[in-house]
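Student: Chains as they are written, first to last, in our numbering: chain A, 130 to 381; chain B, 2 to 271; chain C, 51 to 310.
If you are wondering where the hints come from, they were derived from the structure by calculation, not from laboratory data. On a predicted model such as this, the values are computed, not experimentally measured, just so you know. Accuracy of the hints is not assured; some may be wrong.
So, partial list: chain A residues that the calculated Cβ filter (under 10 Å) puts toward chain B [said to hold, decoys possible]:
no., residue
1, I166
2, A169
3, L297
4, L300
5, S329
6, S341
7, C358
The following label-pair restraints were derived from C-beta to C-beta distances [claimed, not checked]:
no., chain 1, residue 1, chain 2, residue 2, range
8, C, R302, B, A33, 50 to 58 Å
9, A, G179, B, T115, 21 to 29 Å
10, A, Q154, B, F229, 55 to 63 Å
11, A, R293, B, A53, 43 to 51 Å
12, C, A221, B, A164, 23 to 31 Å
13, A, F181, B, A101, 37 to 45 Å
14, B, A164, A, L156, 55 to 63 Å
15, A, L139, C, R190, 41 to 49 Å
16, A, L139, B, L38, 48 to 56 Å
17, A, L150, B, E43, 51 to 59 Å
18, C, R190, B, A164, 17 to 25 Å
19, A, R293, C, S98, 31 to 39 Å
Heads up, the beta-carbon is just placed ideally off N, CA and C, and yes, glycines get one too.
Residue strings, one per chain:
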Amino acid sequence: MTTVARLRPLLLPTAFAIGLLLLWQGLVVAFNYPKVILPAPSDIAAALTGNFAVIWQQTVPTMRDTLAGFALATVFGIGLASLLSFSRLLRDAIYPLVVVIQLVPKIAWTPLFIVWAGIGWPSRLAIATFIGFFPIFIAMMAGVDSTDRSLVRLCRGLTATPWRTFWLVRLPASMPYLFAGLKIAITLAVIGVIVAEFISSSEGLGFLILKSAALLQTDLILAAITMLCVIGLACYGAVHAGEVAVRRWHGE
Amino acid sequence: MTDIGLPLRRLTWPDFAGLGRDGARLIAPPLAAATLLFGGWELASRNGLVSARLLPAPSKVFDTLMRSLSILLDQAQPTFWGAVAGIVLAAALGIALGAAVSYSRTLMQAVYPTIVFFQLIPKVALAPVFLLWFGTGFAANVIFSVFIAFFPVVVATIAGLQAAPPNYERLCRSLMMSRAQMFLRVKFPFALPHIFSGLRIGVTFAVIGVVLGEFITAQVGLGYIILFSANNFETALLLASILLLCGVGIVLFTFFLALEAVVIRIYDSR
Amino acid sequence: MNAAGADYVIVDRLSKVYNEGTRQRVEAVAPSSFTVKAGEFVALLGPSGCGKSTLLMMIAGLDAPSAGRIEVAGRAMTAPRAETGIMFQDPTLLPWKSALDNVLFPFLAAQRQAANPPVDRAAALLDEVGLRGFHDHKPRQLSGGMRQRVAICRALVYEPDLLLMDEPFSALDAITRDEMNLVLMKMWQDHRHTALFVTHSIREAVYLADRVLVMSRRPGRIVEDIRIPFARPRGLEIGETVEFNKICGHLRGKIEHVPH
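Throw the hints in and build the complete structure from the sequences for me.
Tutor: Following this line, the structure appears as structure tokens:
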């Protein structure tokens, strides 16, 4: 293959994305859109660099709450799924309930957490944990369930205890599934924190976005959102890298 | 926002058909657990173990729900219809765009990463911008709802249209089928399960989109009631409206589950 | 090596019925009795779905019998015993562990002398089955036959007194299968465990075993028990002898015309 052919999957989307941005810039300049309605990409870039200190200052709390909530959700999700893998009865009792809750729009519960935990960071941590928990739990459960049954039978044949079977087989076997859940959970955790910041907060990128909206500083809104996309994608990328590592460990 | 690779256990109709036979075995444990949970909550709330202001007893929530039912149902209307409009438009746009993009390999290669990018970024953060652009009415909420429900549908459609095993494509070519025929008779049926799994994610997002719009503009809808009661510490009303919103979500979700069963049955019977 | 001559495995009127008392009642194994002497290689031959695997799983302690009794090494079987080596139809390797670590897995799983797993013995076994240079490969990097070789080593590494094999080569292609038969034969001759081998291949049974038991279609029962006279070591070429083919023909007749 030629170099161009090999780079095609990279070049094409990059060209498309750059084209989109250029089109946006061109339209705004050509029709002289007011900056309040639709700032051009160059305006957003200027807002981002010009207000970087402010934006970064608000990025820190958002990132902190997201990562802490994600970490707690991971602990709880793996913990409960592992616990249920040991007891058929517990599993039959709790799993269907979690699946039903999984279906409802949980972000709408954010105000409830603010009532419970106040308008400070604990409520944002709680909401991130809450909505991050479900995909992790369900993915982990699916992983534990779909462990190759013959591997479990092998362990029984080798007189392994249920605990050792879990530790040596079920847990490592469910890692690829777990990471599929973690990827969803990290994006949801960011969303949870942002929504909580929208509703009531005096810090974070969500707060900055809403404050800029009130002041009609659309370029600052989009600059803050750009920052949010960067940290969101960075978190996602980190989890994705973990997934790749796990799959490699599984010999794929 | 959501990877469609989520190994969700799919609830399919045979599961429900088996309910008659295995009903007791399937239903009894979660029912018992739920009873235990709500019973404990009720007792804890009545005995003052938890503050009734923070967590009113289930009976109180139910009572509030019943007393305010007409108001709540009134407020549920814009939320429900907004979400319906959101998911229907998102489905139509998403499937159409997904199909169009899949028509050419080059187009797909160019556009797909951008779509995945939008799928992954926290789009809810754009809600204030949408309201700036489209005002603060029902239509603005629907547009935002379409915006966030659209991406899971497109991604699933594109992924689904590539799901047909390569031998089927070779078979179609050897049978001299046209591209359109191949699309309609082979690729689309193979894509259906994927599309529906995208729609199931999309429907939850559509509800979230509308509610989020209601949170921010705070004029009508269940989102408004939820925020209003939170601000006034009316926790019973808050829980009652969340319950109703969950009802809205589950109704829509179940509808798509039923639609999936029907559509797949139609395709199977041909 | 076991003391030759004594009955090592005793299966006494063993049967298995699924869904007893319902309309879906299925008799998988009709009451069957047989014995395996210490150091003997016995093949259990039967058509697909005749219950021979169920029978083996009961002897492994992985499936509970509906009636009857199993005795291994003078003790009644109720649960899996640590001294039995098992091979399944699929290699059942842990995908995230190297070939060597998979062979050592039994020591991890049951904490048999977990303090110092016999790495040298495991490595030697892998070399013996022809996997020198593949010790650090993960299962997905190995071919089907190589994976089953790893599984053989894993079943032998803790020097079991009884080796139970459930159609271990049925998923392999014919050429690989012949190779695996040679490997198994060699390993068995070197280690001389009492072995019970389930298969639906007549030629495989005759080639490998000292004795062949034939099981009928469901509900499975033992309809034939013959001794295979060939001297060991056996090469693949005995498959072309008249006597070999006569025995195969006899067994085929037994499978096809089982009295019900």
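Student: Each hint needs a verdict: does it hold in this structure or not?
Tutor: Structure-based check of each hint:
no.: 1; hint: I166; in the structure: 7 Å, holds
no.: 2; hint: A169; in the structure: 14 Å, violated
no.: 3; hint: L297; in the structure: 22 Å, violated
no.: 4; hint: L300; in the structure: 16 Å, violated
no.: 5; hint: S329; in the structure: 8 Å, holds
no.: 6; hint: S341; in the structure: 8 Å, holds
no.: 7; hint: C358; in the structure: 4 Å, holds
no.: 8; hint: R302/C to A33/B: 50 to 58 Å; in the structure: 56 Å, holds
no.: 9; hint: G179/A to T115/B: 21 to 29 Å; in the structure: 27 Å, holds
no.: 10; hint: Q154/A to F229/B: 55 to 63 Å; in the structure: 41 Å, violated
no.: 11; hint: R293/A to A53/B: 43 to 51 Å; in the structure: 47 Å, holds
no.: 12; hint: A221/C to A164/B: 23 to 31 Å; in the structure: 27 Å, holds
no.: 13; hint: F181/A to A101/B: 37 to 45 Å; in the structure: 39 Å, holds
no.: 14; hint: A164/B to L156/A: 55 to 63 Å; in the structure: 37 Å, violated
no.: 15; hint: L139/A to R190/C: 41 to 49 Å; in the structure: 27 Å, violated
no.: 16; hint: L139/A to L38/B: 48 to 56 Å; in the structure: 51 Å, holds
no.: 17; hint: L150/A to E43/B: 51 to 59 Å; in the structure: 56 Å, holds
no.: 18; hint: R190/C to A164/B: 17 to 25 Å; in the structure: 23 Å, holds
no.: 19; hint: R293/A to S98/C: 31 to 39 Å; in the structure: 34 Å, holds
Going through the hint list in order, the structure does not satisfy hints 2, 3, 4, 10, 14, 15.
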